[in-house]
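Line order of the protein sequences matches chains A and B.
Mind the numbering: the first sequence is residues 1 to 620 in my numbering, read in order.
Mind the numbering: the second sequence is residues 1 to 382 in my numbering, read in order.
Errors might be hidden in some of the hints.
[What the hints assert, rightly or not] Residues from chain B that face chain A, not an exhaustive set, calculated with beta carbons under 8 Å:
| # | residue |
| --- | --- |
| 1 | G185 |
| 2 | L241 |
| 3 | G244 |
| 4 | G245 |
| 5 | G279 |
| 6 | F280 |
| 7 | I294 |
| 8 | M302 |
| 9 | G314 |
| 10 | L334 |
| 11 | P336 |
| 12 | G339 |
What the hints contain is simulated information worked out from the structure, not anything from laboratory work.
For each residue, glycine too, the CB sits at the ideal point set by N, CA and C.
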Amino acid sequence: MFFRDPDSSAENPHFSRRAALLALVQAGAFAAITSRLYHLQIVEHNRYALLAEENKIAIDVLSPTRGRILDAHGRVLAYNTDGYRVVVVPSLAGNVDEVLRRLQRILAISERERMRLVARSQRQSPTTPLIVAQNLDWDTLATLNLNAPYLPGVRTEPGGRRIYHGGAAIGHVVGYVGAVERRAMDDAPVLRLPWMRIGKSGVEAGLEATLRGTAGRLTSEVDARGRHIRTMDRVDPVPGADVKLTLDLDLQSDIVQRLSEFKRASAVVMDVRKGDIVAAASVPGFDPSVLLEANSGSHWAALNASPDDPLVNRATRGLYPPGSTFKIVTALAALEAGVISTTEQIDCTGTYHFHDQTFRCWNRTGHGRCNLHEALRESCDYYFYDVARRVGISAIAGMARRLGFGRTFDAAFAGQKAGIVPDPDWKRGRFGRSWLGGETLLAGIGQGYVLSTPLQLAVMTSRIATGLDVMPRLVQEDAASQAPDAGSLGISDAALTSVRRALHAVVNESGGTGRRARAEVGSYEIAGKTGTSQVGRASADTAHGDLPWDQRDHSLFVCYAPASQPRFAVSVVIEHGGSGGSVAAPVARDIVDLAMMRATSREPAAGDGDRLDRSATGRG
Amino acid sequence: MARTLPRQTGTTMARTLSQLPWELLAVIVVIGSFGVIALYSVSGGSFSPWAERHALRLAVGLALAIAIGIVPIRFWLAMANPLYLVALGLLIAVPFVGTSTMGAKRWIGTTTLSVQPSEFIKFAIVLVLARLFFSSPPDRRSHPAVVFTALALVAVPAALVIRQPDLGSGLLIATLGVVVIFLAGVRWSYFVSGAGAAAVLGYVLWHNLRDYQVNRILTFLEPERDPLGAGYHITQAKIALGSGGLSGKGYLMGSQSQLNFVPEKHTDFAFTMLAEETGFIGSVTLLALYAVLIVIMIGMAMRVRNDFGRLVIGGAAALVAIHVNVNVAMVIGLLPVVGVPLPLVSFGGSSILTTMVAIGLAASAFAHRADVLRRDEIGTLI
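Okay, chain B solo, but in the shape it has when bound (with noise of 0.2 Å):
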């Protein structure tokens, strides 16, 4: 089919809109739908203050994102390090000019118009590291200079992320930037010596550690050592997601979350809320919506035709892949609470619109699959 396209140069605006993903567009919809209904419940059955906002904010992302998506995919590549400079810059005026919340520096501006930086280095990083493997010649993306730049590229903003403190969303910025790294086909050998590097690492800081750190690392990966402490919100969430059951207790039912026990119940928490008011099924039902927006990303990038599109569409899914994994893992006690929010449900600006933006760039890639992207039209960075 990609074959019978013709080239995308002179092609109509309703063309190009006629070769947007829509079907990906559609479940994106129905997702942010789960995300209104949760935020209702939360604020205890009211539109306000968070529901109403939530699904403005989604109507005016996938309208960003379908602007995103006409542009040709070719600005995108044009664009890929101005952004990423861009999103670097904001990362480190951070700790100057930022504004701290809970302890942390992580946003920057005024309440009313506020970004967090942390948000958009996530996109930036995949449009850099595709732009990066894309104008390096097959034949050299193993050699050494080319994956230390990209892991330089991910490294750096990821440590800046990780001093602000912000642990979760900095190790979740260096996983996004090894899964773009290994799909553009760095050799394996990379990615295991890489393994094995970080085993020995760790083996040996953790028999250098105080045993004060040690108590501290524990009781980070299982909250339940300190059931009143820091394993408290996360054995309330249990009790919340146990007691839904099969089907849940009820829309705006589930008293476990009604009661204001779970901290960011209306951002990271907002999947307990779902999953104690509509159970198992509720649950399983929203995570296979994932699963079945992943499956489109990965057929789209199959039918791109050039190597910095499939990069794109594949890091976008990676993006949301990898917040939703460690989202639902954390609050269900598999993983460490760390600040990450569900992509399209948990409230809150910045993560839509890194999503969207995401989204947005995976539909531009796809609907200019056809595009001939010249490696020498941009030059090579090593």
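Same shape as in the complex, but just chain A (with noise of 0.2 Å):
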């Protein structure tokens, strides 16, 4: 009936035909098919029944083994440990439970956890294996392989832990390790092994695929009850290659020993000649090494209630308004197009009149007439008020970038944030508006909606001092492939030059906000720019010691040393700290003592160490 066509008059009386013929071939198809199906499954059974149980090919993936972290001089941040792990393969075991029990005797394991791996292996594939214990030393390891035949689908081999030193001072920068997330699970097969960890955050996971090292595979032919016969073919796995900072451990410590007196705060330290990140504090922290303890369920869970985010790494995650530490990015701006000069003086009467807005000068009386010189000195808002008017928006988001702000850097510093470098497309996109004139005027100050972090602070703070465009790096380059040389910013001399004595003038002169981060008499000379950021809609008229602790305003300082040589760039941010000059510069110039005594310390060779030293010490 199917087959006979209903309709003599169509185009092509063969398709009929045709499709009938076609229709055979396939029933030819599939009975030959079937036959063969027939012959496997019916006639030769038993033989095939007798091979699958004699000899059974189990393919295991092998897990690398991850790399080591170590900090600028060698000292092991993050290792393995040596150890073996048992694992039981259901599949291959038949009864769990039963096997479980002949361990017992050997291992110590309770009865809860017994029955808790029984349900796991009624939930999850047969052939995943279950870890059933970790870290066996060489003796109980000697005792399971003996009684090996009576211990089915019961596997040794070696698995160690990860564990880091350092504890709480090198947790955000290096990060930690954690079980695989079951949607990245498809990504490789060595990722659906039980054990196998990888970076959730810090240098574990920017760097996780030099960690990782690659996996390798072991195919074995194993009888019915998973007992190795022989092995089929081996391909070790690579492991992953070891990692080393440019982070200095010691002065890492000794910087956050020196934050933890503030509830929430972070420092970072730029060798401004390579790049080089010394050190990126952030407090509150936490020690990984802990988290990845057994029974860390608690403190994974304070970690996370907690208000002051202990698990985020504020040097490359905080976004603060730069404040007046942007205005060197105001004046370079300025300079560069040539609407002011440095000798020009503005007099700023406490309170700036653009159109019928009114901006203050966080000096209520004035200044007086200042030139740029003294305007960054003092930190004249009315100066770059109207310095940022004449210059524009365009002309500071440009020098902003230029200097480092509103982008990432080194991908070993996971999950950075690049802040806001506002402009008008910016805003268009953000918010379908255009840019107002006095948006212009805030983000000239450092405020609006400007955001870094104090990574960007101190790698703005290395391009000024240095004239180059310097780029942070947290991982030690080998000297096949070694970074070109940083090439220069493009901006002027001069312009530089003027910047960077005001800045020196900011902690050395009489009347510069910065002077709390002088260094001693006799040492080298520190210049800096001190900031102090408004969060969100506090008063400007109400005392800054009545104000809830979370209103009142962040203190920064960012700055390099020595002032005629640079060698270290410091950004500090105190969380609702309060002004710049007074909480965050000497917590700037102890971090900068830090860094020159370690260096000068560790060069011995170097021209004016005996001097720095004592300094160093005499302030103990």
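Since each chain sits alone in its own frame, please combine them into the complex, following the hints.
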């Protein structure tokens, strides 16, 4: 019926016949397939069943050893312990419960743990190994292997734990490893192994590909009980490479110690010559080795519940209005555009009028007449309102980007934030509204939409100190793959020199807002800039001490030292610390001292080493 | 029945829906469920990572097939050439922009959204050939100009796919093209002489090959010659199948398949998994379902009054049938191992999409079976 053409007038009289013919061919094909299946599954079933029973080939993925993480001086920050783990493969064990009971005679497995494992074996794939015990010593391993014939499906293999050295000081930078998320498991077969750990934050996550290595594969013939008969093929895993950081563990620890008097703070120390990040501290911190301990659940909960976000690396993920530290950007943009000269004076009356809006200088009574040098030294807002208005937002944004704002750097810092360098295009894209003139004034003093990270502030400072396009890096390169030296920023020497002089004055001249960062007499000199960035809508009329803590200003300081021949750039942000000059500046000075002391004690040949050492120890 | 249908123009959506071949779609759902069940087992009794995505793709594919089916067949006639050109363009672009897996470049796009042009060319070829033969008057269908145009439309993409290199898919595309040309009613003499020419060519080639080349082909044809190399997987697949017996080892209990010895067991070797766990009964049941699918489609083609629609349904049926034949024959050791998926069962988005589009086109041809398509509306190619 199906195959008879009901419409004899169809244009193609052959179709029905040919379709029928092909259907016949198809029937023949299915018949051939069915007879073959009959032959395999019915006639020869016994033979194949025997083969299946006797001859099983198991392919195991071999996990690579994760690379270590070292500090700049070769001290180990993250490594793997030696040790062995015992796993049971349910499909090979048959009766998992019985096998676990036998194991209980050799290993300390509690009744509860045994029941948990049995329940688990029923939920997951029968070929996925269950971890029974980890970190076994050699003797226990030998006992297990001796009893192997009575322990079907039980396998011992090398497998250590990730251990971190350095405690809470290195938690943010190094990060930690954790179990593979379900949705990531498809990426590579090795990720399905239950003991596989991948980087979750910090260098562990940022350099995952380097650290992980390449999985190997073991093809072996096993009997029906999963006992190894012979190895057919073995491709060894390639261990992950060690990663050597630019970070100095001692300096990092000292800086964290110095910051720990504050609730939330961070600091970045950068070697301006090569861009090495020598320290990147964030307070409060966490100790990654504690996170990896067996019963870390409550610790995790505490970390996640804390309003201080201890898991967040503030150095690279904390976003702050740069405040007055951003005046460096505005000054350079204006000098380059030629809208001000270094000698021109602007008369600060304390209140700047722009159309029908008023903008206050922090000094209510006004600074009087000041030039660029004085305006930076005393951080006059009025001066920079006027300069920002003259040069315009595009020039400010352009200079900010050249100095390292609005972007991320070295991938080893996983999860960096780019911050915001606002301009009219950005605002249209973000809010769909056009840029207002008053917003240029706010951006000019680092308020409004501008957001930056401590890392970016340190990069800006390095670039001002050197005049070069310094790139921060957290990982040391081997000699072969050294990055080319940083190129010039393309900012005129005259402009840079006048800004540097002003930054020197901030710390070292009377009237400077950063006087408290001044180093001890007889030591090197520091050049820097204070920043006090407003949080939310704190009313300027309220006395600062009366404000609730979380509405107080952030305290910022950026600096480089020695001023004459820059070696380190430092950025410090104390959340809700108050004024930059009184809180962040002295902290920054201590950090510079620590960094200089470490550097000179590591390099005894340095010319002025003695003098620096004396000054640093003098402070205690 | 076809004669009593009103003209499709002006009918409502509901009417078109009622005309869709629902029994066909029902069989599709049943076969697809076999796939979901098999993939659940492949991942050791878990919906992730494959079974849940497979089910989702089937649902999306089915919706797509229905959507394609609602569209008048007239539209697909108009789209035949453009679709073919797009598919051919993608195929040409693969060597330049494609990503490669396991040494062969077959994919275009990123990992989240990638397409395999060698899949899409399959239904494009069915459409373009159906259009070509429909647009030539019946007395000119065996004219050399028409036949050689048709051969070129098949040979160019087939050669491109073979060069990827994907010999299996290339030969499959060529076979599909030949089947559609055959269904179109081209004279027997072409097929007889074509087969003769192929035989002579093969004979000449064979006797001019070097020893190692001969060996390689023999191993390809008979993998058991190299039990630890090329023959390893097929030997293991046979053990898995054979140990399944009459009623199988039980769902999730296929020790051979659960041990990771078969590669691609979630894609090309999914049948092995089913056959081991559900035995001869299960594997024959699945085959019977495919047979029902093919019979339903041939029956649909018979009731369509225009030649374009008939060839589209015939081509769609051939597309599914060839895949089933090659895939199953491959895993039971009757054909060499070439990467051809089992329609609706193997995991893979491109394969499901191709199958569902082909089914959708067949549904469109059937739902609009009374439409009168006029050859002079589209002009002739020749």
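Each hint tested on the structure:
no.	hint	result
1	G185	holds, 3 Å
2	L241	holds, 5 Å
3	G244	holds, 6 Å
4	G245	holds, 4 Å
5	G279	holds, 6 Å
6	F280	holds, 4 Å
7	I294	holds, 6 Å
8	M302	holds, 6 Å
9	G314	holds, 6 Å
10	L334	holds, 6 Å
11	P336	violated, 15 Å
12	G339	violated, 19 Å
In summary, the structure is inconsistent with hints 11 and 12 from the numbered list given earlier, while agreeing with the others.
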